[in-house]
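K.L.:
Next come the chains, spelled out residue by residue.
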Amino acid sequence: SQQGEEDPQALSIQEGENATMNCSYKTSINNLQWYRQNSGRGLVHLILIRSNEREKHSGRLRVTLDTSKKSSSLLITASRAADTASYFCATDPPQGGSEKLVFGKGTKLTVNP
Amino acid sequence: AAGVIQSPRHLIKEKRETATLKCYPIPRHDTVYWYQQGPGQDPQFLISFYEKMQSDKGSIPDRFSAQQFSDYHSELNMSSLELGDSALYFCASSPPGLAGAYNEQFFGPGTRLTVL
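First to last, the protein sequences are chains A and B. Start counting the first sequence at 1; every next residue gets the next number (the working numbering). Start counting the second sequence at 1001; every next residue gets the next number (the working numbering).
Hint data in this document are derived by calculation from the structure and do not stem from the laboratory. Don't take every hint at face value.
[What the hints assert, rightly or not] Simulated crosslink set (DSS-like; lysine-lysine; CA at most 25 Å straight-line):
#: 1; chain 1: A; residue 1: LYS108; chain 2: A; residue 2: LYS56
#: 2; chain 1: A; residue 1: LYS108; chain 2: A; residue 2: LYS26
#: 3; chain 1: A; residue 1: LYS105; chain 2: A; residue 2: LYS70
#: 4; chain 1: B; residue 1: LYS1057; chain 2: A; residue 2: LYS26
#: 5; chain 1: B; residue 1: LYS1057; chain 2: A; residue 2: LYS105
#: 6; chain 1: A; residue 1: LYS105; chain 2: A; residue 2: LYS56
If we strip away everything but chain B, and leave its shape as in the complex, we get (with noise of 0.2 Å):
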C-alpha cells in the first residue's frame, strides 16, 4: 500500500540557508499536517493543512512557510537556518472523515536536516 513520501530523506545545509522539504500524502488523503523532533526530543506540531488552506498553526518560527498544493502534496520552507533547526521533520496524512470523527494519521519516513 501506498505510504506517505518525503524528500529528501537526508539534508545538509549551512546556517542562515534556506531549505525546502516535501511531503506527498498517501493518495486521496485531504489533510496534511508537519511535526519537528529534536535530537532526544519528542515530535511537536508544526503546522497543519486541509484541502489546501491551512487548518492549524503549532510552535512554527516565522522563519518557516509551508502550502499545499493542488495535488494535496506539501512543502515546508526553512530560511535563514539556525543549529537548533537540526531536527527530524516528519509529515503525516489523513484522509477525509466525518466531522468530529478522527482519522489517523498516517506518518512519513522524516526528513533528517542537519544545519551546520
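Chain A extracted, bound-state conformation (with noise of 0.2 Å):
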C-alpha cells in the first residue's frame, strides 16, 4: 500500500503567493524527507525532519512533522516561477534495517509568474 499520499495533488497559485502542500503517511518513520522534481527530471532533495523533531527550516522552506497524525507539510513562502515542479514525500519506514523510500504520489505545483 501507498506509504506516502500528497495533498493537492496539483496547486496553481501566483508568484509571490506561499504554497502549502501536505503529506499524510502510514506506518511509523525513522524520517521523513521532501524532494522537488522539474518535470521528467531528476530528483532533488530538499529537506529531512526525524521523526522527533516538529518543525524544520531551510531558506524559503518550512517543513512541519506530525507523528501522532502521521502527517507533513511543506510550505515554501514567497513562490517564485522558478518554484514549479513536482514535489514528493519519501518516508524511511524501519523495516528490517532497509533504507529504501517509499514515494507519496506527488504534488504539482504551478507558479505563475
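Starting from the two chains in their separate frames, assemble the complex, guided by the hints.
P.N.:
Put into C-alpha cells, the structure is as follows:
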C-alpha cells in the first residue's frame, strides 16, 4: 500500500504567494524527506525531518511533522516561477534495517509569473 | 562535486528486447538503490545493494536482475521488455554511516527507457 499520500495533487498559485503541500503516511517512520522534481528530470533532495523533530526550516522552505497524525507539510514562502515542479514526500520506514525510500504520489505545483 | 552518474540517459527498445542500465555512485558511497518512476507516477523502490550484496528488494519483476560490482557501480538488467516497463529509472547512492543512522540518498539524473 502507498506509504505517502500528497495533498493536493495539483496546486496553481501566483508568484509571491505561499504554497502549502501536505503528506500523510501510514506506518511509523525514522524520518521524512521532501524532494523536488522538475518535469521528467531527476529528484532533488530538499529537506529531511527526523521523527523526533516537529519543525524544520531551510531558506524559503518550512517543514512540519506531526507523528501523532502521521502527516507532514511543506510550506514554500514567497514562491517564484522557478519553484514550478512536482514535490514528493518520502518516508524511511523502520523495517528490516532497509533504508529504501517510500514515495508519495506528489503534488504538482505551478507558480504563475 | 561528483554526482551519481547514470547511463545511458535515454534508451529506446522494442518489446521483448533486453536493456542494461548502469549506475556509477558517488565515490566512496557503498550503497546503491534503484527506483522506477512510471509516467505521472511516484518513484517505486526496486532493489538495493550494500557492499556488493543485495540488501533489500522491492517491486522488481523477475525479468529484472541487478548487481553491484567490485568498483561499486551497479547494473540493472531488464529482459523480455514490456510496454509497461517504459519509465524513468533512478539510481541513488548513499555513503557509509553509523548503523541505525540515516544516510541521505543522492539521486542520479535517471535513465528514460521507452519500450515500443
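K.L.:
A separate judgement is required for each hint: does it hold in the structure or not?
P.N.:
Hint-by-hint comparison with the structure:
The suggested pairing of LYS108 (chain A) with LYS56 (chain A) holds, with an alpha-carbon distance near 22 Å, which does not exceed 25 Å. As the CA atoms of LYS108 (chain A) and LYS26 (chain A) are separated by approximately 22 Å, the hinted pair is consistent with the 25 Å bound. Taking the CA atoms of LYS105 (chain A) and LYS70 (chain A), the gap is about 16 Å. The hint holds against a cut of 25 Å. For a cut-off of 25 Å, the pair hint linking LYS1057 (chain B) to LYS26 (chain A) stands: about 20 Å separates their Cα positions.
Of the pairs offered as hints, the one joining LYS1057 (chain B) and LYS105 (chain A) holds, with about 21 Å between alpha carbons and a cut-off of 25 Å not exceeded. With a CA separation close to 22 Å, the supplied pair LYS105 (chain A) and LYS56 (chain A) stays within the 25 Å bound.
Hint compliance for this structure: every hint is met.
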